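Asker: One-letter residues, chain by chain:
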Amino acid sequence: MREIKANQIKDKIKELFLKANFYINQDLILRLKETLKEENSPIGKYVLQMIIENNQIASREEVPICQDTGLAVVFVEVGQEVYLIDGDFTEAINQGVKEAYQEGYLRKSVVDDPVFERKNTKTNTPAIIYTDIVPGDKIKLLVTPKGFGSENMSAIAMLKPADGEKGIIDFVVETVKKAGPNPCPPTIIGVGIGGTIDKAMVTAKKAIVRKVNQPNKNSKYAALEKEILTKINNLGIGPAGLGGNITSLAVHIDYLPTHIAGMPIAVNVCCHAARHAEGII
Amino acid sequence: MTQAKKITTPLDIKEIINLRAGDFVNITGNIYAARDAAHKRIIELIKKGQKLPIEIKGQIIFYAGPTPAKPGYLCASVGPTTSYRMDPYTPPLLDLGLKGMIGKGFRSKEVIDSIKKNKAVYFAAVGGVAALIARSVKKSEVIAYEDLGAEAIHRYYVEDFPAIVVIDTDGNNLYETEPPKYKK
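As you go down the protein sequences, you meet chains A and B in turn.
Counting along the first sequence from 1, when you hit position 161 you're at 234 in the working numbering, and nothing is skipped either side.
Counting along the second sequence from 1, when you hit position 98 you're at 117 in the working numbering, and nothing is skipped either side.
Just chain A, with the same shape it has in the complex (with noise of 0.2 Å):
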């Protein structure tokens, strides 16, 4: 067994929201820099331009790159030879979450309840946590601070297995198109396909912190990621939805076994500000 205290996790928590709220990681710069030489529309360009360039002073200043600076979700592996003390797990998540957003004048953009009061919860917690106990004596991080302008329009549907590659091509490709300008693009699309209807979304929001470069593993799902996007770019939406030919940077497919019933897929869009950052403790 190995001690872990739950102030190791606060620390950590803390250190890793300021990071994603003020660095946008290296893949996602280079990609953003090679798009610069492969839209063709003008105003593609410029708003492209403006993206590059917010990235930079947000890393050299320390300020937030979007103002949304998002509902805190965070992935924790724990090592089930972990055994934590001085403290609550969960609370120690929360309370990395509020001094980060706290001390780092991040946005609080919690609400306590959804539909009636709609009280600021003034920490940007309660934190979305998912937990997986996973061999070994570590705990990994893994936090994506998420803005709600792409969340909202993220899709599910749960198809028919007959619906097949067609199916999965023409639904994701169709929330795209309905997003339109609405989710900041040039986004990233994270996808998940099977499991539960729970699952597959939650398998959708990790695939987006995948590096943008990296295909998935199995080529016939790593082709499909290709083709799907090419049908997102002849959409025309572009940059800010303004028009052009780069509406997103990469589409993630992250797929797990399901019911004979079914194929669920579920879509999370994610805006060209796809913010995350890991740590072990």
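These are calculated hints, taken from the structure and not from any lab test.
Since we're looking at a predicted model, the values are computed, not measured.
Even glycine gets a Cβ: it sits at the ideal position worked out from N, Cα and C.
A hint or two may mislead.
What the hints assert, rightly or not - Not the full set, but computed from the structure, chain B residues with beta-carbon under 7 Å of chain A: (1) I35; (2) G48; (3) K89; (4) G91; (5) G124; (6) V148; (7) G190; (8) N191; (9) Y194; (10) P198; (11) K200; (12) Y201.
Keeping the supplied structure of chain A fixed, place chain B upon it in accordance with the hints.
Answerer: For chain B alone, coordinates are given in the frame of chain A:
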């Protein structure tokens, strides 16, 4: 890329009718940041016939909720939120003389009809470039609904705020005209 047109607030009708979908503009003057919760409250006041916390005539509303100001900054990050959520509240404001909205994304048919009827303009700012946009904010104050936090109404004095005319007074809509040119 054509040169951006310089415009100032409050908007003058002669200035507004000259703006065409696709024009780049640099906005200077006061603009009001308000989003979901503030709109809801304003509409309730309109329904009750009560005084509004901001002047509407000739003004521009910026659909936005900033991050809290970091020390040394008036405003560290602010950018447009998605506009369609404000659609149900928009026609009554246009009827009261609101002349411009800055946001991002589609508007409803009702809003577009009201934009044409009232001779107003819908501008898009680029979403997710909040650190860049915040540089145009030269003064910032909360003027109403402080209890709403990020959703309070902020009055910004901006200089050369970068935006693009998406829907003009005749209802020409860049979101409809531009993407088909790149569709394959």
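Asker: Now look at each hint and say whether the structure bears it out.
Answerer: Hints, verified against the model:
1. With a cut of 7 Å, the hint placing I35 (chain B) at the interface with chain A is violated, because the nearest CB-to-CB distance is about 21 Å.
2. Residue-level restraint check for G48 (chain B) is violated (minimum Cβ-Cβ distance to chain A is 21 Å; threshold 7 Å).
3. Below 7 Å, beta-carbon pairs count as interface contacts, and K89 (chain B) has one with chain A at about 4 Å; its hint therefore holds.
4. Checking G91 (chain B) against chain A by beta carbon gives a least distance of about 9 Å; that is not within 7 Å, so the hint is violated.
5. Hint status for G124 (chain B) relative to chain A: holds, with the closest Cβ pair at about 4 Å, below 7 Å.
6. Annotation: V148 (chain B) was flagged as interfacial toward chain A, and the flag holds, the nearest CB pair being 4 Å apart, inside 7 Å.
7. With a least beta-carbon distance of about 17 Å to chain A, the hint placing G190 (chain B) at the interface is violated under the 7 Å criterion.
8. At a threshold of 7 Å, the smallest CB-CB gap from N191 (chain B) to chain A is about 13 Å, leaving the interface hint violated.
9. Among the interface hints, the one on Y194 (chain B) holds; its C-beta lies about 6 Å from the nearest C-beta in chain A, closer than the 7 Å criterion.
10. Checking P198 (chain B) against chain A by beta carbon gives a least distance of about 4 Å; that is within 7 Å, so the hint holds.
11. For K200 (chain B), the shortest C-beta to C-beta distance to chain A is roughly 6 Å, which falls under 7 Å, so the interface hint holds.
12. Of the supplied interface hints, the one on Y201 (chain B) holds, with its beta-carbon coming within about 4 Å of a beta-carbon of chain A, less than 7 Å.
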